[in-house]
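One-letter residues, chain by chain:
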Amino acid sequence: MATVSTDLNYLQGKKGLFSWIFSVDHKRIGLLYLYALITFFLVGVTLGILMRLELLNPGKDLLEAQTYNQIFTLHGVIMIFLFIIPSIPAVFGNFFLPIMLGTDDVSFPRLNLLSWWIYIIGAIMALSTLIFGDGPADTGWTFYAPYSVKTGTNVTMSVLAAFVLGFSSILTGLNFIVTIHRLRTPGMTFLKMPLFAWALYATSWIQLLATPIIGITLMMIVAERFFGVGLFDPSIGGDPILYQHLFWIYSHPAVYIMALPAFGIISELLPTFARRTIFGYKAIAFSSLAIAFVGYFIWGHHMFTSGMSGTGRFIFSILTFLVAIPTAIKVFNWVATLYKGSIHVHTPLLYALAFIFQFMIGGFTGLLLGALATDIHLHDTYFVVGHFHYVMFGGTGFAFFGALHYWFPKIWGKMYNAKVANTAFTLLFIGFNTLYFPMLIAGLMGMPRRYYDYLPEFHLPNMISTFGSWILAVGLILMLGNLIYAYFKSKEKPGRNPWGGITLEWQTQSPPPVQNFDRMPELPKNGPYDFEHKPTIKE
Amino acid sequence: MENKNLHNTENHKEHHISSYKDHFSTLLALLLLTVVTVVVSVFGADLRSLSVATALLIATVKVVVVAYYFMHLKYDMKLYTWLVVLVAVLFVAFTALTSIEYFNR
Numbered sequence: 004m005a006t007v008s009t010d011l012n013y014l015q016g017k018k019g020l021f022s023w024i025f026s027v028d029h030k031r032i033g034l035l036y037l038y039a040l041i042t043f044f045l046v047g048v049t050l051g052i053l054m055r056l057e058l059l060n061p062g063k064d065l066l067e068a069q070t071y072n073q074i075f076t077l078h079g080v081i082m083i084f085l086f087i088i089p090s091i092p093a094v095f096g097n098f099f100l101p102i103m104l105g106t107d108d109v110s111f112p113r114l115n116l117l118s119w120w121i122y123i124i125g126a127i128m129a130l131s132t133l134i135f136g137d138g139p140a141d142t143g144w145t146f147y148a149p150y151s152v153k154t155g156t157n158v159t160m161s162v163l164a165a166f167v168l169g170f171s172s173i174l175t176g177l178n179f180i181v182t183i184h185r186l187r188t189p190g191m192t193f194l195k196m197p198l199f200a201w202a203l204y205a206t207s208w209i210q211l212l213a214t215p216i217i218g219i220t221l222m223m224i225v226a227e228r229f230f231g232v233g234l235f236d237p238s239i240g241g242d243p244i245l246y247q248h249l250f251w252i253y254s255h256p257a258v259y260i261m262a263l264p265a266f267g268i269i270s271e272l273l274p275t276f277a278r279r280t281i282f283g284y285k286a287i288a289f290s291s292l293a294i295a296f297v298g299y300f301i302w303g304h305h306m307f308t309s310g311m312s313g314t315g316r317f318i319f320s321i322l323t324f325l326v327a328i329p330t331a332i333k334v335f336n337w338v339a340t341l342y343k344g345s346i347h348v349h350t351p352l353l354y355a356l357a358f359i360f361q362f363m364i365g366g367f368t369g370l371l372l373g374a375l376a377t378d379i380h381l382h383d384t385y386f387v388v389g390h391f392h393y394v395m396f397g398g399t400g401f402a403f404f405g406a407l408h409y410w411f412p413k414i415w416g417k418m419y420n421a422k423v424a425n426t427a428f429t430l431l432f433i434g435f436n437t438l439y440f441p442m443l444i445a446g447l448m449g450m451p452r453r454y455y456d457y458l459p460e461f462h463l464p465n466m467i468s469t470f471g472s473w474i475l476a477v478g479l480i481l482m483l484g485n486l487i488y489a490y491f492k493s494k495e496k497p498g499r500n501p502w503g504g505i506t507l508e509w510q511t512q513s514p515p516p517v518q519n520f521d522r523m524p525e526l527p528k529n530g531p532y533d534f535e536h537k538p539t540i541k542e
Numbered sequence: 083m084e085n086k087n088l089h090n091t092e093n094h095k096e097h098h099i100s101s102y103k104d105h106f107s108t109l110l111a112l113l114l115l116t117v118v119t120v121v122v123s124v125f126g127a128d129l130r131s132l133s134v135a136t137a138l139l140i141a142t143v144k145v146v147v148v149a150y151y152f153m154h155l156k157y158d159m160k161l162y163t164w165l166v167v168l169v170a171v172l173f174v175a176f177t178a179l180t181s182i183e184y185f186n187r
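If you're matching them up, the sequences are chains A and B in order. Heads up: the first sequence begins at 4 in my numbering, then just goes up one per residue. Heads up: the second sequence begins at 83 in my numbering, then just goes up one per residue.
These aren't lab readings, by the way, just hints derived from the structure by calculation. Don't take each hint at face value.
Said to hold, decoys possible - Result set (DSS-like, lysine-lysine): computed pairs, CA atoms no more than 27 Å apart in a straight line: (1) 103/B <-> 144/B; (2) 285/A <-> 537/A; (3) 160/B <-> 285/A; (4) 494/A <-> 18/A; (5) 343/A <-> 494/A; (6) 195/A <-> 160/B.
Since the structure is predicted, the reported quantities are computational estimates derived from the model, not experimental observations.
Construct the complete structure from the given sequences, taking the supplied hints into account.
Okay, here's the thing in structure tokens:
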């Protein structure tokens, strides 16, 4: 086995702020994203808790109606564009994709750094709406026309921020596609790649092909606001439904930019903690591509009640149901992976199991929204809010936390307190379901979304939901506190492979050296989850 | 690690060098198609509602010629051709689905 001498890990190299913010090392860039993302996530959580406080009781408690409108818009913009779209690819994709492929960096390291800088510039633009102009947009994160064309709030800066952030997404996607095609280690064919890499590959194609559409669409909003072109505003000959088409042509595939990487994480966690090969490797890999492809054609289901034609509704409803097939393939294969496995219950697995449970609720409630008859009743109610958060937070959010606990020992070379981590997980799980399940009930009862007030009959689900937000907040504080404490104080060294994983990142040091590997990684004989012939990993 | 380029035989392929004949043929085709576009729109073949479709069709042919010859798609890996086809399929699907919805309102 060839040995490459490495003295320093990536954390021990150059010191100082500039050595980080101008680093082209994919691992450091991954961590730059992580710190920025967590910061924005906490801002988004704070805004969410403020909204829940306002909704604790009927009537005005804490916020003016206009402030509430601006807060839910900013909450959406931050959580969608600054947290969940970049989340897993930008942090764990950047850090682990090259290592899992057995190479030393992404194909374009400088472009990778540029992506981070563009992300930061976009984030500053989005947050600047808090301070400059007439305050943050009050349109909702969807910027629906014609209201977005007419409102006096700072829509222009918000859409420009989303436009800039799109470039970061496109460049990251491009980088990953080229890296996967060009830099796989010798012997690693496409069908021997880890499923996380497959998920990132499918995601990257969506980022590359769909994001330009939202960029142009948002520029059309700016053109409409400044020049009154007549694109979307019906009073000057525009078509507001055209805006919705263009917006959702990107934004529905974007749901899969958010969800597919999470599927990849779950496909890594389950075999490691079940100590057996993944069930249906090819089915999971190709279903990622199928979801990415079919996901392009189903955007119309967001517009069933917007005045769309009956023919359009019929076609989009059928297409929507098609995407359930590859998604269900994944879930069945995950569950089959656990069957007769030697299950080791560690914190990351708990997050993976919670993901499956919550994502299933998110998926099934999605079927009700994809069906024309039920959607008429449920559209624009809290049912949609509950469904969306079950998919995005209960799914992708929990997968993100699972990945953070799974790879924490590899990233920082330290181990967190498992008992505290499990307690935090329990609080998060209870808090999450207490927060969002009542939203499904309130929606079924007919409570509309995006109002700061509601009728007295909706009081109970709203009260329970707000209590849930407090439990969730405590869980988040405990989880992050535990990880931060471990980072600064933990003396426990996890070694190279604390979980017994067999993808390549577990063969290198923790934290990895600057060049990623201190010795040539050894590929398992029959693919990345071959636990029967797993390579011997010596410390 | 030195494994970065070991397996990339594609990197070592010779690049195709186009002849002047190819370049001039491409230029000639583009000029010819531009003339056809102008003739159709200005000198008014009576196409009525098909005039936009005709202009788009000619523009599409020009795109194909540029991509295929001038941008070397013809001489590159087949994968790249498929990727361009994929983008075209998506574009057509977006336009078709939106149009079906619009014209049935």
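Structure-based check of all given hints:
no.: 1; hint: 103/B <-> 144/B; result: holds (18 Å)
no.: 2; hint: 285/A <-> 537/A; result: holds (20 Å)
no.: 3; hint: 160/B <-> 285/A; result: holds (23 Å)
no.: 4; hint: 494/A <-> 18/A; result: holds (22 Å)
no.: 5; hint: 343/A <-> 494/A; result: violated (35 Å)
no.: 6; hint: 195/A <-> 160/B; result: holds (22 Å)
When the structure is compared with the earlier hints, a violation turns up for hint 5 alone.
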